[in-house]
Structure formats: C-alpha cells, structure tokens
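Enquirer: Here the structure of chain A is known, so what remains is to put chain B in place on it, guided by the hints.
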Amino acid sequence: MSEQKINQVQFSAETMELVQRIIKRYPEGKQKSALLPVLHLAQAEFDGWLSAPVMDYVASILSIKPIEVYEVASFYSMYNLEPVGKCLIEVCQTGPCWLRGSDDIVDHLEKKLNIKVGETTADGMFTLKTVECLGSCGTAPMLQCGSDYYENLTTEKVDTLIEKLRGSDQRSTYMKSNMQEI
Amino acid sequence: MARLLEHINVPGIETFDVYRKHGGYKSVEKALKTMTPDEVTEEVKKSGLRGRGGAGFPAGMKWSFLDRKSDKPRYLVCNADESEPGTFKDRYLMEKIPHVLIEGMITSSYALGAKTSYIYVRGEYMYIIRILEKAIQEAHANGFLGKNILGTDYSLELYVQPGGGAYICGEETALLESLEGKRGNPRLKPPFPAVAGLYASPTVVNNVETISAVCSIVNESGDEYAKIGIGKSTGTKLISASGHINKPGVYEIDLGLPVEEFIYSDKYCGGIWKGRKLKAVVAGGSSVPILPADLILKTAKGEPRLMSYESLSDGGFATGTMLGSGGFIVMDETACIVRNLWTFTRFYHHESCGQCSPCREGTGWMEKVLHRIEHGHGHMDDIDLLVDVAKKIEGNTICPLGDAAAWPVASAIRHFREEFEYHVRYPEKVKNPKHFELEPFRSEKVLATV
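So the sequence lines, in the order shown, correspond to chains A and B.
For the first sequence, our numbering gives the first residue as 1, with consecutive numbering after it.
For the second sequence, our numbering gives the first residue as 1001, with consecutive numbering after it.
Pulled out of the complex, with its shape left as it was, chain A reads as follows (with noise of 0.2 Å):
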C-alpha cells in the first residue's frame, strides 16, 4: 500500500454511495463535516491506515485542501498514519484500568506475542498499543480490537481472545459494517 499513488485509490462504489449520504447531513458547503466520519471509512477500506495518497484522495472528495486532512488526521488518535497489523490491540492503561491490573495485561500481551508495544508482529498479523481511557472503567482492565471491546480480561481471556482473533482481518470492520443501514 505504501506504493499507493492517488489515482490508484478509490472508494467501492458501495462505500461512494455511503460518503454521499454522509454529506448530506450537513448543511450545503459544510461537506468539510464529513471529514472524521469519512476518514473513519478510509481507514476501514484502505488496510486499515492513512497513507498521503489515501488522505489526498479524501481531500478531492470534500473538495478541500489536503493540509486540512492531514491536519485532522494526525490531531486525532483513531487514525493510523503508518501501516498497522490485521489486528490492532488497544489496551488502556489510564488509572481505573490501572487499578485493575491492566499493566499485567499489557506484559502479558507483550510475551505472548513477542513484541513490545507499538510494535507489529513479523507475519503483520498483531499490533500492540497501550491507548488513554475508553470508557470502560467499570469493566476494567480492557481492550479494544477493530470496533469490539474485550472486558475484565484476565491473562487467561487474552490467551483464548488472540487464538480467536489469529488469521482474522480487524481493519475493515470498524464503520462500514454499521452506517449502511443510515
């Protein structure tokens, strides 16, 4: 994908149809709105990450500058500006989830998958990341993976959740799935 040049990348026809509707929840020339959501779609159907040329292609789309994607693009922490693996593991690590054990969670994580946090396995198949509270306190500690949460895990649960997760790709099923019934 890093060879990726902005005429070789397109929505579906599917996913165009849904970033028209999009845009039609806002006002006439206030299509800049649809920035996030369609940045979301994006990251979804492009393996999962922004590339220059991804972000370029988006900016022709709302018919705004590319400064003004990539500016939103790297403020906000969903969006992935480098490659990442067939599964992303967030794991919070803010204090509710601390006081939980998260930190267990994350060394566990670490040995089971033999890489350290912000890295990507060697066949691309996990990425680890420690990310800042998701709302989950309650059922802390926990994790994120694709548009599913996975709560009060204990080393046990993440062992039996990444043999599920082996061989599966998370990356695109973050939006798409749920705003075609919009």
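I should point out that these hints are in silico values taken from the structure, not numbers from a laboratory.
Do not rely on the hints blindly, as some may be mistaken.
Once the Cα atoms are required to be at most 20 Å apart in a straight line, the calculated PhoX-like pairs of lysine-lysine come out as [to be verified]:
#, chain 1, residue 1, chain 2, residue 2
1, B, K1021, A, K24
2, A, K24, B, K1115
3, B, K1033, B, K1134
4, A, K24, B, K1134
5, B, K1115, A, K30
6, B, K1431, B, K1392
7, B, K1247, B, K1267
8, B, K1368, B, K1267
9, A, K112, A, K129
10, A, K24, B, K1072
11, B, K1072, A, K30
12, B, K1096, B, K1021
13, B, K1030, A, K111
14, B, K1274, B, K1298
15, B, K1096, B, K1232
16, A, K164, A, K111
17, A, K30, B, K1182
18, B, K1046, B, K1072
19, A, K24, B, K1030
20, B, K1045, B, K1096
21, B, K1182, B, K1046
22, B, K1072, B, K1026
23, B, K1115, B, K1030
24, B, K1021, B, K1134
25, B, K1045, B, K1021
26, B, K1134, B, K1147
27, A, K157, A, K111
28, B, K1045, B, K1227
29, B, K1182, B, K1045
30, B, K1182, A, K65
31, A, K157, A, K112
32, B, K1134, A, K32
33, B, K1232, B, K1046
Expert: This is chain B only, laid out in the frame that chain A set:
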C-alpha cells in the same frame, strides 16, 4: 427512585416497541401537542437540572441563553464524547436504553427550535453508534422523527457523528470544531455557542444524561423533578463506580445519598474488594481533586459527606472536591497514589490539544517529573516543583483541560505528600511497580525512620 434506568432490566427495552410500551416517547407527545417550546424550557428551568457532563451548569439557564432572535438555524448537539477517566455512564445508558436519549433529543430540540440535531459520539464507541443509528431508524419509522412529527408542524432530523479519538472534544467548543471537520481546538469565549456555535449559528451543547433527564422533567413537571435530591442538587445522577470495589458499574442515585452508603452498601459498590481498607477516592472523574478516606466519608466539619454538588465541594479544594461527571474511582490501601497520578498526568499530556503553552508544556513536565518520582529517580524538590507547575497551568488556558490536569496533581500532594516523600527517600522500595501491593504504605512508618 430510578428515572433514567427505571426499565433497564426489561427484556428488549433497547427496541422502540418495548420502550414505547413502558411509557417511552410520552414527553414528545406531551411537549409537541400540549406545550409551547418556551413552556418546555420553563419546566427544565424549574427542575433545577444541572449539566451532567461535569461542570454542573444549570441546564435551563443554558437553554435560555440561546439566541432566539437570530435568523440563522439553531442546533442542539448532544455531547456523547464521554472520555473523562472513570466515566462510563453515558455509554451504559446509550447501550442499554438508547431511546431515552433519542426521546430527550426530540423533546429538547423542539424546546430550542432546532430542525437538525447531532449526537457527537466518541469514535471508540463504534458499537454504540450502531445502536443509536438503529434507534433513530425506528423512531423515524414510527413518526417521531422526520417531517411533521406526530402530525404537528414540527420537523426534525437527527444524526450521529463519530469523533476521532480526542478527550478534548468533550469540551463544547472543541466538539463543535470537530463536528465542523477540524482539529478539536477549543474556541476563545465569548462568543458562546448559544450565540455562535455550530456553523456560527446559535447552538446548545448538552451531555447525554442531561438530555435524557428532560424526558422525566416534561412528563412529571419541573417542580416534581426538583423534589428529588437535596438543595440545589436536584434529581437523580448516574454514577460510574470503578476501581477497588466489589461491584463496579453504573448506579442511578437520588442526589444526596451519603457517600458511605454508596461505597459500602450492597445496593451500590458493595464495599472494598478483597476485604481491604479504603484509602482514597476520586469522586467525579480524574479531573477532580482526590480525597483521602476520612475526607470523602466526612467533611472537615465532621458531617457525613453526601453525593451532591454542594456536599462534595464542601471545604473548597482544601478539604473537598467536586461531583464532576460522577466518575467515582475508589482506591484501596495497596494503591500507589503517585503511580495513579502519573497515569492521569500522562493522560492529560496525551490529550492536551497543544494550543496553550502552559497546558501543552506543563502537562508534559508534570508527567516526566512524576515518572521519575514513581520510578525511584526523584528529588525532594520535585514535589514542590510539581505544585509550582500545576499552579502555573491553572487558570492560564483557553479551556478547562489545563485546570483538569492541575487539580489532581495539587490535591494528591496536598493530601498524600508523605507518600511522594517516601518515593524519594526509598528509591529501592518503589522500583517494583507493585510496591504497595507487597506492603501497603503507612505514613507513621516514614515518620519513625526520619
């Protein structure tokens, strides 16, 4: 008595039909068919309802500031960017009983004269967005959204907007920037959103729980709602309980419930886990001052501390705290105050938008200094240095994120200074990240060895 969560355990309550069977959407019927928009606003004013997102500003008063003379369209925007550490009540409400929010949005939009409204949900809550989209579709199909709702001349479109992962977008002007497709940089006020908000039009931004509470206020009347609670803390409040307790979760309480009952009663938190002792509580989300066990259970005057805006703030920041978002984080005797604070400060550093230098730089320095104290590399001077940095952030930024980062630091040192000193004195003992789990901190021990 439960208002928002009254029917939470009814099977299928997340669907329109079941929700409707249990009295759902009555407030829309009542408001649109028998009340003027101003009469609805008047009821909200009478109810004494205060903003449930954290600031506690009277909701009716906020509504009354909306510029009704402007010829621009008006907007109601629901703040569902729930990101304050320790807070997960809005998520629970939207997941379990989404129609209460949709109903509240319709009734409130009618009161404010909004024809288009948005619910801005934090992007990580994607599965919640799915639930809300479905609820909106159902409301549409049943004539509660769209053109000429219930045959009246009132029309409303309601949309869900996903965020991109940024705590700062919970600040209302940052949220509006984000909804316009920009970075979440808070705006300088004035102008306030009530005058120039979304697309520079008059806008009200309210929290999920605030908007949801409007349903019972309209159904029962503002005066009836105001009878619940204590003093100026009217109504019920959702409390997100987390940390070292037996029963973490979301509880709807009548404001005024004693804190001791909330922590120890089996109806709520069910006491401290593993038979341990209570050490400290952060009562209203990570931003509010931390209090040690004695001060969270009783005020400095020795009166029982209550779950209300006034009682929790009794004593000011010297001996009190704030109700905030109702994110109630409990710590047992093995919790390390320094490490917990370090995670909070790391959070604020990560989430600072970077606009104001006191916050952008100050949060980074506080994180670094706390990291070194926690990891056994601190100096005694670092403790006052932290207090100094916190003081220089507080009040010197565009938005309250700076204050939110400063208060936890200042309060932790105010109430637990000896624990910071212990970290500096005994670097070897704190090198194990679980130091106080091995041996809980006892302040008299420090005194004995000095």
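Enquirer: Give a verdict on every hint.
Expert: Hint-by-hint comparison with the structure:
no. : hint                 : in the structure
1   : B:K1021 with A:K24   : 33 Å, violated
2   : A:K24 with B:K1115   : 14 Å, holds
3   : B:K1033 with B:K1134 : 26 Å, violated
4   : A:K24 with B:K1134   : 18 Å, holds
5   : B:K1115 with A:K30   : 16 Å, holds
6   : B:K1431 with B:K1392 : 30 Å, violated
7   : B:K1247 with B:K1267 : 9 Å, holds
8   : B:K1368 with B:K1267 : 41 Å, violated
9   : A:K112 with A:K129   : 14 Å, holds
10  : A:K24 with B:K1072   : 19 Å, holds
11  : B:K1072 with A:K30   : 15 Å, holds
12  : B:K1096 with B:K1021 : 16 Å, holds
13  : B:K1030 with A:K111  : 59 Å, violated
14  : B:K1274 with B:K1298 : 24 Å, violated
15  : B:K1096 with B:K1232 : 29 Å, violated
16  : A:K164 with A:K111   : 18 Å, holds
17  : A:K30 with B:K1182   : 12 Å, holds
18  : B:K1046 with B:K1072 : 28 Å, violated
19  : A:K24 with B:K1030   : 31 Å, violated
20  : B:K1045 with B:K1096 : 28 Å, violated
21  : B:K1182 with B:K1046 : 37 Å, violated
22  : B:K1072 with B:K1026 : 30 Å, violated
23  : B:K1115 with B:K1030 : 18 Å, holds
24  : B:K1021 with B:K1134 : 18 Å, holds
25  : B:K1045 with B:K1021 : 29 Å, violated
26  : B:K1134 with B:K1147 : 19 Å, holds
27  : A:K157 with A:K111   : 15 Å, holds
28  : B:K1045 with B:K1227 : 14 Å, holds
29  : B:K1182 with B:K1045 : 33 Å, violated
30  : B:K1182 with A:K65   : 12 Å, holds
31  : A:K157 with A:K112   : 13 Å, holds
32  : B:K1134 with A:K32   : 25 Å, violated
33  : B:K1232 with B:K1046 : 11 Å, holds
The structure fails to meet hints 1, 3, 6, 8, 13, 14, 15, 18, 19, 20, 21, 22, 25, 29, 32 from the earlier list, while all remaining hints are met.
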